[in-house]
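Under my numbering, residues 23 to 257 are what the sequence shown spells out, in order.
Some clues are possibly wrong.
Here are the computed distance ranges between Cβ atoms for each label pair [unchecked claim]:
hint : residue 1 : residue 2 : range
1    : 92        : 114       : 28 to 34 angstroms
2    : 119       : 78        : 18 to 24 angstroms
3    : 79        : 233       : 18 to 24 angstroms
4    : 80        : 249       : 33 to 39 angstroms
If you are wondering where the hints come from, they were derived from the structure by calculation, not from laboratory data. Predicted, not measured: the structure shown is a model, and the values here were computed from it. Think of the CB as a built atom: it goes at the ideal place given N, C-alpha and C, for glycine as much as any other residue.
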Amino acid sequence: MRRSLSTLSALVLGIAASSTALMAASPVADEPSTDAQAAPVLVIGLDLSKSNPMVTNDDYARRVADRVAPMVEGLPLRARVMVRSFGSYDATSNTLRIDQVLSARSKPEDFARGLKTLITGVPKLVRDGKLVAQNKTNILPFLQTMSQVVDCEEGPVTYVLLTDGVEDSEYARLKNANATLPAPEHERFQGCADLQILGLGQGLNSPKTTERLRTTWTGWAKGAGFANFDGLYDW
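Please build the complete structure, drawing on both the sequences and the hints.
Below is the structure:
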């Protein structure tokens with residue numbers, strides 16, 4: 023279910039109150055863009071798998087939030103921000119969905135502030151049972167799903183994934199040293215500006231594994247059609 027800035031604010035204010043905060047109001051209907059094709063899109067994926075330190079570590083979640091918020095603050099009006107959770111390949115387990123077109127009523131800095139609080143609060147939301155930590159890490163299926171929703175040929179699109187980058191799905195088990203990602207079947211993301219993974223290799227405590235993951239994802243992103251890939255262990 024989709025949520026707007028007003029719902030995000032409600033979630034932030036009620037972060038320790040009731041699980042219904044995640045199921046709150048309907049989206050605000052922003053003015054339609056007169057030039058939607060030129061408006062940038064920012065897709066933010068929150069990995070709720072148990073391997074991701076952002077699910078359990080308050081300090082780390084705060085640092086991730088500090089990194090993401092300026093990305094939203096720097097967006098122009100009419101830009102679209104899409105926030106989704108992923109982990110298991112199960113839509114009923116990933117109900118966190120926020121869609122917002124930034125406007126004079128939904129300013130970038132206001133949305134960024136709410137999003138920062140949300141990301142910072144992920145460990146608490148998990149502890150309180152309002153978000154569920156998951157046993158799988160379906161990064162590729164998440165990207166494939168979003169590619170059916172967002173068309174990179176209509177304007178600049180950036181994907182920012184808050185994940186350790188350790189694919190754990192039917193496609194690959196990247197924790198295994200010899201595992202690789204399957205080659206993209208076609209350039210599904212042709213025209214997409216950027217794919218960023220924040221937290222690549224976090225929790226594995228191995229620089230060699232982090233570099234292996236970076237090499238793997240760099241090759242996959244290039245084959246999929248992304249113009250640029252950044253995989254950051256830390257910042």
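Hints broken by the structure, by number, lowest first? Violated hints: none at all, because every hint is consistent with the structure.
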